[in-house]
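Going by the working numbering, the sequence shown opens with residue 35, and the numbers climb by one from there.
These are computed hints drawn from the structure, not numbers from a lab.
There could be a bad hint or two in this list.
Stated by the list, open to error - Heads up, simulated PhoX-like pairs for lysine-lysine below, C-alpha to C-alpha not over 20 Å straight-line: (1) Lys-175 / Lys-327; (2) Lys-351 / Lys-341; (3) Lys-363 / Lys-342; (4) Lys-475 / Lys-393; (5) Lys-292 / Lys-363; (6) Lys-475 / Lys-487; (7) Lys-351 / Lys-327; (8) Lys-483 / Lys-393; (9) Lys-363 / Lys-351; (10) Lys-409 / Lys-383; (11) Lys-348 / Lys-475; (12) Lys-466 / Lys-348; (13) Lys-393 / Lys-351; (14) Lys-118 / Lys-175; (15) Lys-145 / Lys-232; (16) Lys-327 / Lys-348; (17) Lys-487 / Lys-393; (18) Lys-393 / Lys-466; (19) Lys-351 / Lys-475; (20) Lys-101 / Lys-67; (21) Lys-232 / Lys-292; (22) Lys-327 / Lys-292; (23) Lys-292 / Lys-351; (24) Lys-351 / Lys-492; (25) Lys-348 / Lys-363; (26) Lys-175 / Lys-165; (27) Lys-165 / Lys-145; (28) Lys-483 / Lys-466.
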Amino acid sequence: MNNSPFFSILVPTYNQCQYLSEALDSLINQTDKDWEAIIVNDGSTDNTANILQMYAQQDSRFQVISKENGGTGSALNLALNHAKGEWVCWLSSDDLFEINKLAIHREWIYKNPDHRFFFSNFQQLVGTTGKIINLNPDFGKEMPLIELQVVEMLRRNYVAGNSICINREAWLNTGYFNEELRYAQDYDMWLRLMIKYKALYIPEFTYLQRIYPEQESQKFSDFCLYDSAKSSIQVLNNYDLEDLFPFLNLQDFVSFNKAINIIFDVMFDPNAFIYRIGFHPLLILKFQKFINKFASSNDNIHAIFNKKLNRSSKDFKNTLQGFWSESLKNSKYNFFSGQEESLILSFEKLAENYYWWLKYIESDSQNSILNYIQKFCNYHIPFYPDDNGFEITLQQLINFCMSENSENNNIIYIEFLKMNQRDFPLYSFSEKILILERLDKPLDYISEKIINKYGKYKGLMFAFWIYFLRFLRLFRQGNLYSRFQSYLNYRIHLNKD
Numbered sequence: 035m036n037n038s039p040f041f042s043i044l045v046p047t048y049n050q051c052q053y054l055s056e057a058l059d060s061l062i063n064q065t066d067k068d069w070e071a072i073i074v075n076d077g078s079t080d081n082t083a084n085i086l087q088m089y090a091q092q093d094s095r096f097q098v099i100s101k102e103n104g105g106t107g108s109a110l111n112l113a114l115n116h117a118k119g120e121w122v123c124w125l126s127s128d129d130l131f132e133i134n135k136l137a138i139h140r141e142w143i144y145k146n147p148d149h150r151f152f153f154s155n156f157q158q159l160v161g162t163t164g165k166i167i168n169l170n171p172d173f174g175k176e177m178p179l180i181e182l183q184v185v186e187m188l189r190r191n192y193v194a195g196n197s198i199c200i201n202r203e204a205w206l207n208t209g210y211f212n213e214e215l216r217y218a219q220d221y222d223m224w225l226r227l228m229i230k231y232k233a234l235y236i237p238e239f240t241y242l243q244r245i246y247p248e249q250e251s252q253k254f255s256d257f258c259l260y261d262s263a264k265s266s267i268q269v270l271n272n273y274d275l276e277d278l279f280p281f282l283n284l285q286d287f288v289s290f291n292k293a294i295n296i297i298f299d300v301m302f303d304p305n306a307f308i309y310r311i312g313f314h315p316l317l318i319l320k321f322q323k324f325i326n327k328f329a330s331s332n333d334n335i336h337a338i339f340n341k342k343l344n345r346s347s348k349d350f351k352n353t354l355q356g357f358w359s360e361s362l363k364n365s366k367y368n369f370f371s372g373q374e375e376s377l378i379l380s381f382e383k384l385a386e387n388y389y390w391w392l393k394y395i396e397s398d399s400q401n402s403i404l405n406y407i408q409k410f411c412n413y414h415i416p417f418y419p420d421d422n423g424f425e426i427t428l429q430q431l432i433n434f435c436m437s438e439n440s441e442n443n444n445i446i447y448i449e450f451l452k453m454n455q456r457d458f459p460l461y462s463f464s465e466k467i468l469i470l471e472r473l474d475k476p477l478d479y480i481s482e483k484i485i486n487k488y489g490k491y492k493g494l495m496f497a498f499w500i501y502f503l504r505f506l507r508l509f510r511q512g513n514l515y516s517r518f519q520s521y522l523n524y525r526i527h528l529n530k531d
């Protein structure tokens, strides 16, 4: 007789005793009672241990494990090792499950027996007011087709961690959370799972995500993006593009065009996760290899690619995206004649290169990069007395990426470098602001800089012009409605009495 529960719920917790009871009560109140909860106290120094002891004494379904602090990834891995349920969910100790979360998952599991990975919609609980908001009413409409979901994840994370329900065997077959990623261990895990298993979206609310100023994701939002960039670059280093379409028949013309279109969308999106620590040519070069392998006649695709390169070079002038686009535009970018070449990008060298480039555009952001790669990558940026850090680290990046690569790849990178061996100019304030807009920096952040520089009245006029440019750019990209609706819904709900 099998006495294992249907669901195992992983609950990592660290110094969140003020929210913990509410989270655990949301488990007790589930309409589906067939569950166990493995709670890992990750070295808490507050009253967490006493609260957990009380709940474990009252309900045998709670299993409490204590360990030294090692981060969310390590706590989740330990909990997963102790899980006995057939299906695994995750509950952060500051969030709450909807009362019917497990029942919803069980229904979808029974209806879709071939799927091993489910995720859902969610709502947000504003910690300062207690209001519940639906931040993105069109969330479900933005889901990519299942066969395109891996590549789309290189651009954005559309899987909310506490919304998941994953078959335990499938999870263990994929591996554990990467404990080196302190802020994007979930994104990395879903990305690797999707390469093996289809992730099915459930258009129902299954949990409440609490948002409050003190939480890690709010205080260190940049670190979340850097971690995501690191994970996505690791995937590109380890896989060719065809590996990222495990459920698509690339020999079929219609399917192949779907793959090409989404690669283009991600490849030329400066806000894609893969570029959040500096634009680089790795995806573009992987694309060229992909085309030569799968396109019987690639002249049309090369023409479209060249047109997009020209547009990217023009739109993102004096940015890192413009830098590499100009390099590729001016060179013979059809580099690969075979399939044996490998391309490995050094994340740390890319981060260092980005750090020095920021000196020209947004020096205020340099410390964030510096702190991240020193603390979480164990890498220290060297400082150069001749003040040409960008050019030096670009050369170092190229040299590093040539290791274990073919001679042809050596020539490719050197060609890029020679075509763009230049010092970045000292931009005027207006030029910097325009670059920040093209890089999609938050409008509130840009407006604050403008008003601090020019004062309220002149600054507001300049800021209005930047808002107008953002409107035109998003309209041209087709992202206007979804981007502004999310922002406006959030502000409206927060300002209600």
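Hint check:
1. Lys-175 / Lys-327: violated, 33 Å
2. Lys-351 / Lys-341: Within the cut-off at roughly 15 Å; holds.
3. Lys-363 / Lys-342: holds, 10 Å
4. Lys-475 / Lys-393: holds, 16 Å
5. Lys-292 / Lys-363: Not satisfied, since the Cα-Cα distance of roughly 24 Å exceeds 20 Å.
6. Lys-475 / Lys-487: Judged against 20 Å, a Cα distance of about 17 Å means the pair holds.
7. Lys-351 / Lys-327: Violated: Lys-351 and Lys-327 sit about 31 Å apart, past 20 Å.
8. Lys-483 / Lys-393: The given pair, whose Cα atoms are some 16 Å apart, holds under the 20 Å limit.
9. Lys-363 / Lys-351: holds, 13 Å
10. Lys-409 / Lys-383: Holds, at about 15 Å.
11. Lys-348 / Lys-475: holds, 19 Å
12. Lys-466 / Lys-348: holds, 16 Å
13. Lys-393 / Lys-351: holds, 16 Å
14. Lys-118 / Lys-175: violated, 35 Å
15. Lys-145 / Lys-232: Cα-Cα ~15 Å, so holds.
16. Lys-327 / Lys-348: Status violated; Cα separation ~29 Å.
17. Lys-487 / Lys-393: It holds: about 18 Å lies between the C-alpha atoms, which stays within 20 Å.
18. Lys-393 / Lys-466: holds, 11 Å
19. Lys-351 / Lys-475: holds, 16 Å
20. Lys-101 / Lys-67: This hinted pair is violated, its Cα atoms lying about 28 Å apart.
21. Lys-232 / Lys-292: holds, 17 Å
22. Lys-327 / Lys-292: Roughly 16 Å separates the two Cα atoms, so the pair holds.
23. Lys-292 / Lys-351: violated, 29 Å
24. Lys-351 / Lys-492: Not satisfied, since the Cα-Cα distance of roughly 26 Å exceeds 20 Å.
25. Lys-348 / Lys-363: holds, 11 Å
26. Lys-175 / Lys-165: This hinted pair is violated, its Cα atoms lying about 24 Å apart.
27. Lys-165 / Lys-145: violated, 33 Å
28. Lys-483 / Lys-466: holds, 11 Å
Consistency with the previously given hints fails for numbers 1, 5, 7, 14, 16, 20, 23, 24, 26 and 27, ordered from lowest to highest.
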